[in-house]
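Going line by line, the protein sequences match chains U and S. Under this note's numbering, the first sequence has 224 at position 224, and the numbering climbs by one with no breaks. Under this note's numbering, the second sequence has 156 at position 156, and the numbering climbs by one with no breaks.
Everything labelled a hint here was simulated from the structure, so no lab data went into it. Just to be clear, a hint being listed does not mean it is correct.
Said to hold, decoys possible - Some chain U residues close to chain S (C-beta under 7 Å, calculated; not the full set):
(1) Ser67
(2) Gly260
(3) Glu263
(4) Ala264
(5) Ser267
(6) Leu268
(7) Gly269
(8) Ser275
(9) Leu281
(10) Pro282
Beta carbons are placed, not taken as given, at the ideal position from N, Cα and C, and that holds for glycine.
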Amino acid sequence: MAIVKTERHPELPPPTSETGVIGWLYHNLFSSPLNIILTIISVYVVWVSMSTLINYTIIDANFVGTSKEDCTGAGACWVFIKARFGQNMYGFYPEGERWRINVGYVLGAIGLFLVLSDTIKSKKWPAIFLFGAYPVICYFLFYGGLGLEIVETSQWGGLFLTLVLASVSIFVALPLGIVLALGRRSDMPVVRMICVGFIELIRGVPLITVLFMASVMLPLFLPEGQNFDKVVRALVGMSLFSAAYMAEVVRGGLQAIPKGQLEAAKSLGLGYWQSMGLIILPQALKISIPSIVNTFIGLFKDTTLVLIIGLLDLLSVVKAGTTDKNWLGLATEGYVFVAAVFWVFCFGMSRYSIWLENKLHTGHKR
Amino acid sequence: MSEAAMNKSESDVAIQINGMHKWYGEFHVLRDINLSVERGEKIVVCGPSGSGKSTMIRCINRLEEHQQGQIIVDGIELTNDVKKIDEIRREVGMVFQHFNLFPHLTVLENCTLAPIWVRKVPKEEAEATAMKFLERVKIPEQALKYPGQLSGGQQQRVAIARSLCMNPRIMLFDEPTSALDPEMISEVLDTMISLAEEGMTMVCVTHEMGFAKTVADRVIFMDQGEIIEEAPPEEFFDNPQSERTKLFLSQILHNG
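Extracted from the complex, chain U is given alone in its bound form:
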């Protein structure tokens, strides 16, 4: 007998083991004996390590006081960080001028918020401000001029210097990396060779060598009396270094775009730069976001290597503080503090990248 179905089967709710808190707990934590054992062990490990950490950093820690003698509790001595906070944040920047850095921070935060946030739709003016005017404003604010007292870069330090190094390098590395990546895929042999040569040369040496070259070797080649600022040299070294890495990240993204996209763009009459700018790069950069942010995070942490050429970034300043004879024996607190600061920035970048990926996802991952 043939089967003919005339009525649709009614929709039923899923069984309780599939949904809600119980369903989640069951599937993720207690689905098998092995899973139950692993869950219990994990909870124990988390409990032991977290309770130690919380005891050390918060419950038993010392927050109040002005000298090492005030640290009587068993935990961390945060008084040390508090007492040297100004230096950790600004290095040897004159205390009376530190407001300039804070103004720079506030302007930067406003600019970043306007460019990155979702609520402001028109990005044109915020982008012009952040990428055009802001660097100029910062130059005069931080270095001086236009009536502001000059503060030599040798006095820059602490978190301030770390942020300057990281943001300038990021700011230069991304566009330069994109240009290098496009150059590497160019049809013009000379352009391609220059880009390949640059990328492979820089990628083949450690950052520390690049920094060393920039600070020790470079002056030897310059005419006598001609000298670049030490911070500028570090900036050039770091920017070129990360641009080479960025170029390879972007190239990976470019290669993932199907050939048909460029053909469609061409067949509509779009020129090379229009095809790249409107069709290929928006897609390539979007799929490269995780790797781009990964490179940014790596770069941010690599700024600590400027220690080798005698710049006092956050890590160097804190390290110098631990040898202060009034605060001996507090290296752990110093390093935990540095780690926490770095973690906050890197975690922030990581979260933003995840948010951005979801926002830009237009349902074509099929």
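Following the hints, complete the assembly by docking chain S onto the known chain U.
Coordinates of chain S only, in the frame set by chain U:
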């Protein structure tokens, strides 16, 4: 060529290919292609896979470069001159087998991008034109969706609308229905038929023999990089001359 023939090629001939050859490295893919397409003519190109039919129509808008011979599109000869290439590409629309819509732009943005950036049409005007063509391909309601949210047939119709927004004089179709599920082929063919009825000059690489019978003025059969046979559809299907054409027709009509 006499002066009268030259005049004819200026006004009535949309595409003129003379003795065109192409090599991929050592491999001689296209051999002595001669083809003349008049304005308003509909040409269907068929042949077994690897016969060079896609390569041939991709030479017409320079997605592939030919090494010998002459291609004149709309009175402009294709050379390495980038300006002329861009000029031709503006006048020649192309629809691809895999649609090649821009996945990061909405359907509407896909359609307005080239008019705005290449033809410098104001945004509102470009959007109005785009909506007109989206209505013609019967999917105006999808305008704000992304290509990834549409079915294959819908995507291909958007691709056709996207090309039409540039007001091309010639449309090239490179196997437009080959990547589609069977139930979506007819919606795309219907769009192409209505376009043909309006007098568009069309060169279509396709295996849809029904389409060839209804629409084509001439059918071109290619095999191993050469044009083997060229005839009006009645003659081509009812009385093929070459053995290779007969074999090809018996295979596809049998399967169809």
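Hints numbered earlier in the text: which of these fail when held up against the supplied structure? Hint check: 1, 8 and 9 fail, others pass.
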